[in-house]
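Participant: We have chain A; now place chain B onto it with these hints.
Going down the list, the protein sequences come from chains A and B.
The numbering of the first sequence is my numbering, which starts it at 28 and goes up by one.
The numbering of the second sequence is my numbering, which starts it at 120 and goes up by one.
Read the hints as simulated data drawn from the structure, not as lab findings.
Beta carbons are placed, not taken as given, at the ideal position from N, Cα and C, and that holds for glycine.
Mixed in with the good hints there might be a few duds.
Residues from chain B that face chain A, not an exhaustive set, calculated with beta carbons under 8 Å [stated by the list, open to error]:
| # | residue |
| --- | --- |
| 1 | Thr163 |
| 2 | Leu172 |
| 3 | Phe203 |
Straight-line C-alpha distance at most 20 Å; calculated EDC-like pairs for lysine to aspartate or glutamate [what the hints assert, rightly or not]:
| # | chain 1 | residue 1 | chain 2 | residue 2 |
| --- | --- | --- | --- | --- |
| 4 | A | Lys358 | B | Asp263 |
| 5 | A | Lys358 | B | Asp206 |
| 6 | A | Lys364 | B | Asp258 |
| 7 | A | Lys478 | A | Glu178 |
| 8 | B | Lys563 | B | Asp550 |
| 9 | A | Lys307 | A | Glu506 |
| 10 | A | Lys358 | B | Glu257 |
| 11 | B | Lys388 | A | Asp402 |
| 12 | A | Lys375 | A | Glu365 |
| 13 | B | Lys335 | B | Asp373 |
| 14 | A | Lys374 | B | Asp206 |
Now for the letters of each chain:
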Amino acid sequence: MTEKEILSLTAVGLGKKIKSKEVTVLEAVKAVLGQIRSMEPDLNSFVTVDEAFALSQAEAVQKKIDAGELTGPLAGVPVAIKDNICIKDMRTTCSSNILSDFVPTYTAQAVENLIEAGAIIIGKTNMDEFAMGSTTETSAFGPTKNPWNLEYVPGGSSGGSCTAVASGECFYALGSDTGGSIRQPASYCGVTGLKPTYGTISRYGLIAYGSSLDQIGPVAKDVTDCAAILEVLASHDKKDSTSVDRKDNHFMEALTEDVKGLRVGIPADYLGEGLNEEVKEAVLKAAKILEEKGAVVETFDLGRVKYAIPAYYVIASAEASSNLSRFDGVKYGYRAKEYEGLHGMYKKSRSEGFGAEVKRRIMLGSFVLSSGYYDAYYIKALKTKALIKKSFDEAFAKYDVILGPTAPTTAPKLNESLSDSLKMYLGDIYTISVNLAGLPGLSIPFGTDHKGLPIGLQLIGDCFQEKSILRAGYALEGEHGYTMPELALKAINGREEK
Amino acid sequence: MSKQYETVIGLEVHVELATKTKIFCSCSTEFGGAPNTHTCPVCTGMPGSLPVLNKQVVEYALAVGLAANCEINQYCKFDRKNYFYPDNPQNYQISQLYLPICHDGYVEIDTPSGKKKIGIHEIHMEEDAGKLIHDEWEDCSLVDFNRSGVPLIEIVSEPDMRSGEEVIAYLEKLRLIIQYLGASDCKLQEGSMRADVNLSIREAGAKEFGTRTEMKNLNSFKAIARAIEGEKKRQIELIEEGKLITQETRRWDDNKESSYAMRSKEDAKDYRYFPDPDLPPVLISDEWISSIKERQPELRTEKMARYQEDFSLSEYDADIITASKHIADIFEAVTEICNKPKEAANWLMVEGMRLLKEHEMEPENMCFSPENLAKLIQLVDNGTINRTVGKEVFERIFADNVNPEQYVEEKGLKVVNDEGQLREAIQGIIDANPQSVEDYHNGKEKAMGFLVGQTMRAMKGKADPASVNRIVKELLG
Numbered sequence: 028m029t030e031k032e033i034l035s036l037t038a039v040g041l042g043k044k045i046k047s048k049e050v051t052v053l054e055a056v057k058a059v060l061g062q063i064r065s066m067e068p069d070l071n072s073f074v075t076v077d078e079a080f081a082l083s084q085a086e087a088v089q090k091k092i093d094a095g096e097l098t099g100p101l102a103g104v105p106v107a108i109k110d111n112i113c114i115k116d117m118r119t120t121c122s123s124n125i126l127s128d129f130v131p132t133y134t135a136q137a138v139e140n141l142i143e144a145g146a147i148i149i150g151k152t153n154m155d156e157f158a159m160g161s162t163t164e165t166s167a168f169g170p171t172k173n174p175w176n177l178e179y180v181p182g183g184s185s186g187g188s189c190t191a192v193a194s195g196e197c198f199y200a201l202g203s204d205t206g207g208s209i210r211q212p213a214s215y216c217g218v219t220g221l222k223p224t225y226g227t228i229s230r231y232g233l234i235a236y237g238s239s240l241d242q243i244g245p246v247a248k249d250v251t252d253c254a255a256i257l258e259v260l261a262s263h264d265k266k267d268s269t270s271v272d273r274k275d276n277h278f279m280e281a282l283t284e285d286v287k288g289l290r291v292g293i294p295a296d297y298l299g300e301g302l303n304e305e306v307k308e309a310v311l312k313a314a315k316i317l318e319e320k321g322a323v324v325e326t327f328d329l330g331r332v333k334y335a336i337p338a339y340y341v342i343a344s345a346e347a348s349s350n351l352s353r354f355d356g357v358k359y360g361y362r363a364k365e366y367e368g369l370h371g372m373y374k375k376s377r378s379e380g381f382g383a384e385v386k387r388r389i390m391l392g393s394f395v396l397s398s399g400y401y402d403a404y405y406i407k408a409l410k411t412k413a414l415i416k417k418s419f420d421e422a423f424a425k426y427d428v429i430l431g432p433t434a435p436t437t438a439p440k441l442n443e444s445l446s447d448s449l450k451m452y453l454g455d456i457y458t459i460s461v462n463l464a465g466l467p468g469l470s471i472p473f474g475t476d477h478k479g480l481p482i483g484l485q486l487i488g489d490c491f492q493e494k495s496i497l498r499a500g501y502a503l504e505g506e507h508g509y510t511m512p513e514l515a516l517k518a519i520n521g522r523e524e525k
Numbered sequence: 120m121s122k123q124y125e126t127v128i129g130l131e132v133h134v135e136l137a138t139k140t141k142i143f144c145s146c147s148t149e150f151g152g153a154p155n156t157h158t159c160p161v162c163t164g165m166p167g168s169l170p171v172l173n174k175q176v177v178e179y180a181l182a183v184g185l186a187a188n189c190e191i192n193q194y195c196k197f198d199r200k201n202y203f204y205p206d207n208p209q210n211y212q213i214s215q216l217y218l219p220i221c222h223d224g225y226v227e228i229d230t231p232s233g234k235k236k237i238g239i240h241e242i243h244m245e246e247d248a249g250k251l252i253h254d255e256w257e258d259c260s261l262v263d264f265n266r267s268g269v270p271l272i273e274i275v276s277e278p279d280m281r282s283g284e285e286v287i288a289y290l291e292k293l294r295l296i297i298q299y300l301g302a303s304d305c306k307l308q309e310g311s312m313r314a315d316v317n318l319s320i321r322e323a324g325a326k327e328f329g330t331r332t333e334m335k336n337l338n339s340f341k342a343i344a345r346a347i348e349g350e351k352k353r354q355i356e357l358i359e360e361g362k363l364i365t366q367e368t369r370r371w372d373d374n375k376e377s378s379y380a381m382r383s384k385e386d387a388k389d390y391r392y393f394p395d396p397d398l399p400p401v402l403i404s405d406e407w408i409s410s411i412k413e414r415q416p417e418l419r420t421e422k423m424a425r426y427q428e429d430f431s432l433s434e435y436d437a438d439i440i441t442a443s444k445h446i447a448d449i450f451e452a453v454t455e456i457c458n459k460p461k462e463a464a465n466w467l468m469v470e471g472m473r474l475l476k477e478h479e480m481e482p483e484n485m486c487f488s489p490e491n492l493a494k495l496i497q498l499v500d501n502g503t504i505n506r507t508v509g510k511e512v513f514e515r516i517f518a519d520n521v522n523p524e525q526y527v528e529e530k531g532l533k534v535v536n537d538e539g540q541l542r543e544a545i546q547g548i549i550d551a552n553p554q555s556v557e558d559y560h561n562g563k564e565k566a567m568g569f570l571v572g573q574t575m576r577a578m579k580g581k582a583d584p585a586s587v588n589r590i591v592k593e594l595l596g
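Next comes chain A alone, as it looks inside the complex (with noise of 0.2 Å):
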């Protein structure tokens, strides 16, 4: 097959024909790596390339795979981790400068479970930084841009994860999702991002931002992707507490086209006020192809959608500024150079070593947390978030999925976010509220809007209903689904006709 076939296939697509050795596992290795070389200048998915550890792993795996060893759908693709994944031995910054020169002496649970699958690591990917962002222009290694259109931002917190998926840079890629850091960028980008439900794939191994949010979660190019990635992903992991012992993890059995019957909500509190007119038609189309199909849609009010931005923000901030105070200069990391005292290198470690988002949401939490100010925002955020929860139990009594929006927008432009922090916040009001419920959340490409960018489609479950929202996704990829960047089919092209 040429480069070009090879890097058009999906996860599970590229599996098959190594298996059936149409392709073989250095050949899917070399086809990503050239990509990674041609694009990267541009899109900057990466904050380390492993050529030589996925040169290895190819010829190991292919080893494998050819005794017969490794037979799942996902033995010898090459995937991408987000920075803020632990692998031993290769480097894993948070693209934070506190961590630039970081090698974890461990690898994380999720990995783990790739790496039993057969999966090729190629390097980590881009990221805001600690995961606090919606644009991935928090890195302390430079912003990741926008595939579709190198002046937008790909969105984030998982921007090298999806700007990496969608330009060929690798089949699929893992990232993780505290307030739509997976599902935000993957609809920024076209591709296809699943926050699975609290607690089912093990999170040790994920450096914390919000632990009571987090979630790892696979990037993929369409639903059956995702489907599989979960089905290796999803583990009880005794290291874990908060991970749960699922019993069903077959999700590939959802993907029928049948929807008959499925009773899909969309809320109106998701329709109204801040929503772009293209995004909003997108969603309603959708809503007619699921009718037309066999299921029952309306409308209905959620409620208490407003309060979902502030609770997430009190609440994963206190969480983050305890996270991160181990990053102080003493066991690892980045520690000044010159200081005074043992305060001294702490002050003057984590002044050099942090951004400024990072700064602003660790004094937030910081803040949140201290005596006198504990009962008025923090306990009220809880007390929030189990309001919200019991909002989405109330509509999953009367429906399987929730139907919406992934964003309000299609993607921003570069710099124009971070100078109004507030307005990049209110960004991730459809995906939040997921995270603070701990429910499953799909975000699907579903065309694009007038300036050729992606618009994203969110599928919310109820807890541990990734069935349900992976049917009915499958169902509504059909209509636009994945395609590739027009920069990244010249990139490919450039190369062969080289």
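Facilitator: For chain B alone, coordinates are given in the frame of chain A:
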């Protein structure tokens, strides 16, 4: 001193639990490994690592709480206590603030004016920190994380104690309970039990509490008693001078027998406690509590009663033997082997206690094997050696855990029962001491004792005293 003052004392006691592994990871809790050898990503605070609760910690905390008559929070949670210090790898300590596992209990102590209940405000579980080692030579500090994550319980008393004696009685009671439960060895010197003293002074009869100080760095019961005396005096002097007490934490220097202020309330830290999102709440079922209750080992009062009942020990003896769980364990093991409880108790109480005192040792450090004491008891009982020689042998057992049978054999300490040999020796003594013989015949009974003593000496203590007495009398006519 014109006015009468009352001292009000509450204690915060930290106890290192005797689990094999740490509270949130499977690293060993063993004391004294090479630095940073009992560590993993969790207890060194590596990014991405997560805590998993050791169930045994909950069980020990429950056992102590139940023994101290506490209420149990059947829905309890862990909270993070945030503060920066290099011995604390995450820069937060996982502890319990809002819903500690046990609360509102008491232990009863004996005071000169009768029994008194000391209230337990709460007991909570938490992790210990690592250790900083300051290298003066290299002018740097190093961290050893071996102790990081070792499980602790903190037992917070109510301010119910009124004197140093009550504090010591409370601590001894607490230590005994915990040792009997096997939840900790409670060694103050090694730091497996640590006490901070909160103390305030008020005029006798006053209802309000005075301003309190917290005293840290107390490494022995003696240091605690001295620190309480010192702090009481310091505070009364300030009050008499019309000065105010500052609410502060003070560090006791036992060598100088004085304390100095570490930090005052004004610069007290805000620990920004909040529930640890990595650890789900601990749900403690009624069944779990009753299974702990069922497994609860015999405590001291029960043991005392049993010793009097089953072994016919006096209350006094039972009290002394059970004052240390360790001694009680040795006593039971020895009795089990030789079935001579009275003898076992006597050896431990008289010779054992004497040697402990002589060597300034704690009962926990008595480390010979019960088999050897049992053998000694049998040797004395069947007349192989006499009691005097037995004492010598006990000292050897106490010091080096020698096998008494072997020792007696090697040193030739067996009682001489050969009548001929005894007669010969005694005749020799009589011949050599004509003056004493004359004294005896003149009615001086003491002379007889002298001759017996001389004989025992000549026999190196190995003669049976009764036989010697009989033969001396006979030969003197």
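Participant: Does each hint hold? Answer for all of them.
Facilitator: Hint check:
With a least beta-carbon distance of about 7 Å to chain A, the hint placing Thr163 of chain B at the interface is held under the 8 Å criterion. The restraint placing Leu172 of chain B at the interface with chain A holds, with a minimum CB-CB distance near 7 Å, inside the 8 Å limit. Against a cut-off of 8 Å between C-beta atoms, the interface hint on Phe203 of chain B holds, since the closest Cβ of chain A lies about 6 Å away. With a CA separation close to 11 Å, the supplied pair Lys358 of chain A and Asp263 of chain B stays within the 20 Å bound.
Restraint check: the Cα-Cα separation between Lys358 of chain A and Asp206 of chain B comes to about 10 Å, which is no more than 20 Å; the hinted pair holds. For a cut-off of 20 Å, the pair hint linking Lys364 of chain A to Asp258 of chain B stands: about 17 Å separates their Cα positions. As the CA atoms of Lys478 of chain A and Glu178 of chain A are separated by approximately 12 Å, the hinted pair is consistent with the 20 Å bound. Between Lys563 of chain B and Asp550 of chain B the CA atoms are separated by roughly 18 Å; this keeps the pair inside 20 Å, and the hint holds.
Distance restraint check for Lys307 of chain A and Glu506 of chain A: the Cα-Cα separation of roughly 16 Å lies within the 20 Å cut-off, and the hinted pair is therefore satisfied. Proximity of Lys358 of chain A to Glu257 of chain B is assessed by CA-CA distance (about 18 Å); at most 20 Å being required, the pair is judged to hold. Only pairs whose Cα atoms come within 20 Å are accepted, and Lys388 of chain B paired with Asp402 of chain A is accepted, the gap being roughly 18 Å. Simply put, Lys375 of chain A and Glu365 of chain A have alpha-carbon atoms about 8 Å apart, close enough for the 20 Å limit, and the pair holds.
The hinted pair formed by Lys335 of chain B and Asp373 of chain B meets the criterion: a straight-line CA distance of about 11 Å does not exceed 20 Å. Proposed proximity of Lys374 of chain A and Asp206 of chain B is supported: the alpha carbons are some 17 Å apart, at most 20 Å.
Hint compliance for this structure: no hint is broken.
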